[in-house]
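Order-wise, the sequence lines are chains A and B.
Be aware that the first sequence starts at 1, since it is given in our numbering, and climbs by one per residue.
Be aware that the second sequence starts at 286, since it is given in our numbering, and climbs by one per residue.
Everything labelled a hint here was simulated from the structure, so no lab data went into it.
Glycine included, C-beta positions come from ideal geometry on N, C-alpha and C.
Do not rely on the hints blindly, as some may be mistaken.
Stated by the list, open to error - One side of the interface only, derived from the structure: several residues of chain A facing chain B at Cβ under 7 angstroms:
id	residue
1	Cys108
2	Gln123
3	Gly134
4	Leu135
5	Lys136
6	Glu160
7	Phe164
8	Ile184
To be verified - Cβ pair distances, simulated, as ranges:
id	chain 1	residue 1	chain 2	residue 2	range
9	A	Glu252	B	Glu463	57 to 67 angstroms
10	A	Glu27	B	Glu516	43 to 53 angstroms
11	B	Glu463	A	Asp212	50 to 60 angstroms
12	B	Gly526	A	Asp138	54 to 64 angstroms
Stated by the list, open to error - Far from chain B by the CB rule (all over 12 angstroms, computed), these chain A residues:
id	residue
13	Thr4
14	Val9
15	Leu19
16	Asp54
17	Gly99
18	Ser100
19	Pro112
20	Asp212
21	Glu217
22	Glu227
23	Gly256
24	Asp265
25	Glu266
26	Arg269
27	Ala283
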Amino acid sequence: MAQTPDVGVIRSMAARMRLDIVEMIAEAGSGHPGGSLSAADIVAALYFGVMKHDAARPDWAERDRFVLSKGHAAPVLYSALAESGYIGREHLMTLRKLGSILQGHPDCKKVPGVEVSTGSLGQGLSIANGIGLGLKLDGNPARVFCLLGDGELQEGQVWEAAMFAAHHGVDNLIAIVDHNGLQIDGSCTEVMCLGDVEAKFSVFGWKTISADGHDVEALVSAFKTAEEALGQGVPVVIVCGTTKGKGVSFMEGNAGWHGKAPSVDERERAVAELTAAIEKEAARG
Amino acid sequence: MGNKATRAAFGETLNELVADGYDVVAVEADLSKSTTTVTFQDAHPDRFFNAGIAEANMIDVAAGLAVTGKVAFTGSFAVFATGRAYDQVRNTVCYSDLNVKLAPTHSGITVGPDGGSHQMVEDLALMRVLPGMRVLVPADYNSAKSALRLAAAIPGPFYVRLGRASVPEVYAPDFEMELGRAYVLREGSDVTLFACGVMVVEALQAAESLAAEGISAEVIDIASVKPLDAEMIVASARKTGHVVTCEEHSIIGGMGSAVAELLGETCPVPMRRVGVRDVFGTSGDPDELMAHFGLTASDIVVSARNVLA
Ligand SMILES: Cc1ncc(C[n+]2csc(CCOP(=O)(O)OP(=O)(O)O)c2C)c(N)n1
Ligand SMILES: [Mg+2]
Chain A
1 MAQTPDVGVI RSMAARMRLD IVEMIAEAGS GHPGGSLSAA DIVAALYFGV MKHDAARPDW
61 AERDRFVLSK GHAAPVLYSA LAESGYIGRE HLMTLRKLGS ILQGHPDCKK VPGVEVSTGS
121 LGQGLSIANG IGLGLKLDGN PARVFCLLGD GELQEGQVWE AAMFAAHHGV DNLIAIVDHN
181 GLQIDGSCTE VMCLGDVEAK FSVFGWKTIS ADGHDVEALV SAFKTAEEAL GQGVPVVIVC
241 GTTKGKGVSF MEGNAGWHGK APSVDERERA VAELTAAIEK EAARG
Chain B
286 MGNKATRAAF GETLNELVAD GYDVVAVEAD LSKSTTTVTF QDAHPDRFFN AGIAEANMID
346 VAAGLAVTGK VAFTGSFAVF ATGRAYDQVR NTVCYSDLNV KLAPTHSGIT VGPDGGSHQM
406 VEDLALMRVL PGMRVLVPAD YNSAKSALRL AAAIPGPFYV RLGRASVPEV YAPDFEMELG
466 RAYVLREGSD VTLFACGVMV VEALQAAESL AAEGISAEVI DIASVKPLDA EMIVASARKT
526 GHVVTCEEHS IIGGMGSAVA ELLGETCPVP MRRVGVRDVF GTSGDPDELM AHFGLTASDI
586 VVSARNVLA
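Construct all of the structure, not just a fragment, from the sequences and the given hints.
What follows is the structure, encoded as structure tokens:
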């Protein structure tokens, strides 16, 4: 919505979303905190600064589209949708429970604001290509944003999609890589080395931008650069350096927190840290 | 006989759909000349997207186009569009309930000389099991046109099974296929031959031969494999008391299985399945292969005698 993103708003939203993420996953007893927390600043920047959207009109034709290719980070998306007003906050604590609209991975049939269901990694960028082309065919000025994990880049389909986007000039597409260096079985370097992610996209014909994925000012400026590069026949990717589990000291940089819910004690410690962070943001004003 | 392949309907029908106001797009995977989507590309280059040899991407690009409101058709061959891209069809197209229409060509063994790697006889099983997927198997060129139109007209995922080989005309050009409806092509009282695709013509010939032996065979085209026309299938099975299913597909998981599942629960009658018997295809001419795999009219006659014995 906002034309000039307010860095303070984004920061405080990200802080609140981190608390939501931990509480939702703790309440559910399962889920993926690491990759949800690492993406919190990116998703907050998108929903509360960069993307044009309106929760009162989830079907608004000219809304920017968001595809969460790394669907296991569903909690960060659900929190952003709740903070935006697409869904009531009361849903958050129903995550992963029978009858909930908040499935373990995003289900577009159940949740307003979710454009497409994800969860099987490697597909989002292809879908985003199709959305981008569809918007262009309609002369629709909306853009499409697609968030990928770094481990996810090991899926061959991502590179089919990367080739496609450049070949077909999908220049209303901004891909974002949450480059936290970790996947399930360990570091990406150990499991299946990604090499230079930016260089790979670059040789596939993309404009690449890098940013610190937790520095909101840097993120906002990266998005601005990306937006200015649209419409020139070339897709754009922002490779964001991030820390998996960001914001919860004992989760940070630890692959073990990829897909595990905190215990009662761990929840308490995490909530204390995240609440302090929210207060710090509030004090900053 | 006015022989024409069902695939010949593909590109042409897409052009007609655009003329009729449908917001159709097509995504292909380097097989536009074989599938005939090149006909659509020539007429509507802005609505056609070649993904290159990347079937998974092809399906998901179509999914994204469908998210923006397009009626998105995909090409390629049956073996690749369903097998190579199964997770994309399942987790994105069907799980999101998107308006994507898979209409791959070169299904079944009538692909011919390309051999077993290219002869897809498991696609109906793969597609039929997916929640929300509708599965159509047209018998000739005219019904293929109608099946493609039907798929475009109804929102949600469709699988339209098209073939490479020419097949005789069964339906008139003005045929309008309906979802979930089977078609009685010949009435009979002793045995019902349920057929789909290229096997419809074989079943009609078999019924002719059986008549000469004094056996009255009913022939029903199961053009809509999912949803099935349960009412008509059960009524015919009840009337004749004997069933033979005929499909250019594995006997596991295809139309014959669907009919067996239905009749097993509602009206169990003696039954035989004519189809590919749990083996891969092999190189040869389509006619030779039909005989090799036991899919000819005379094979159907043998199964009909057998089920009546
Ligand atoms: C196709 C597919 N294979 C495997 C999985 C299981 N899985 C879920 S998350 C994950 C690791 C993802 O790592 P990454 O992309 O780096 O995500 P992040 O670190 O941001 O959480 C895996 C293997 C999956 N969801 N989809
Ligand atoms: Mg990672």
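Here is what the structure says about each hint:
1. Cys108: Nearest chain B Cβ about 5 angstroms off; hint holds.
2. Gln123: holds, 5 angstroms
3. Gly134: This hint holds: Gly134(A) lies near chain B, its Cβ roughly 3 angstroms from the closest one there, short of 7 angstroms.
4. Leu135: holds, 6 angstroms
5. Lys136: Check failed: Cβ of Lys136(A) comes no nearer than 9 angstroms to chain B, outside 7 angstroms.
6. Glu160: Where the cut-off is 7 angstroms and the nearest Cβ of chain B is about 4 angstroms from Glu160(A), the hint holds.
7. Phe164: Holds, because the Cβ-Cβ distance from Phe164(A) to chain B comes to roughly 6 angstroms (cut-off 7 angstroms).
8. Ile184: violated, 18 angstroms
9. Glu252(A) - Glu463(B): 57 to 67 angstroms: holds, 59 angstroms
10. Glu27(A) - Glu516(B): 43 to 53 angstroms: holds, 48 angstroms
11. Glu463(B) - Asp212(A): 50 to 60 angstroms: holds, 58 angstroms
12. Gly526(B) - Asp138(A): 54 to 64 angstroms: holds, 56 angstroms
13. Thr4: Holds, because the least Cβ-Cβ distance between Thr4(A) and chain B comes to about 28 angstroms, which exceeds 12 angstroms.
14. Val9: With a cut-off of 12 angstroms, Val9(A) remains clear of chain B, as the shortest Cβ separation is near 29 angstroms.
15. Leu19: Given that every Cβ of chain B is farther than 12 angstroms from that of Leu19(A), nearest at about 30 angstroms, it holds.
16. Asp54: Holds: least Cβ distance 17 angstroms, greater than 12 angstroms.
17. Gly99: holds, 18 angstroms
18. Ser100: holds, 16 angstroms
19. Pro112: holds, 14 angstroms
20. Asp212: Asp212(A) clear of chain B: closest Cβ-Cβ about 30 angstroms, beyond 12 angstroms.
21. Glu217: holds, 32 angstroms
22. Glu227: Holds, because the least Cβ-Cβ distance between Glu227(A) and chain B comes to about 20 angstroms, which exceeds 12 angstroms.
23. Gly256: holds, 27 angstroms
24. Asp265: Given a closest Cβ separation of 36 angstroms, the condition holds.
25. Glu266: The assertion about Glu266(A) holds, with a minimum of 32 angstroms to chain B.
26. Arg269: Label holds. Min Cβ-Cβ 36 angstroms, cutoff 12 angstroms.
27. Ala283: holds, 42 angstroms
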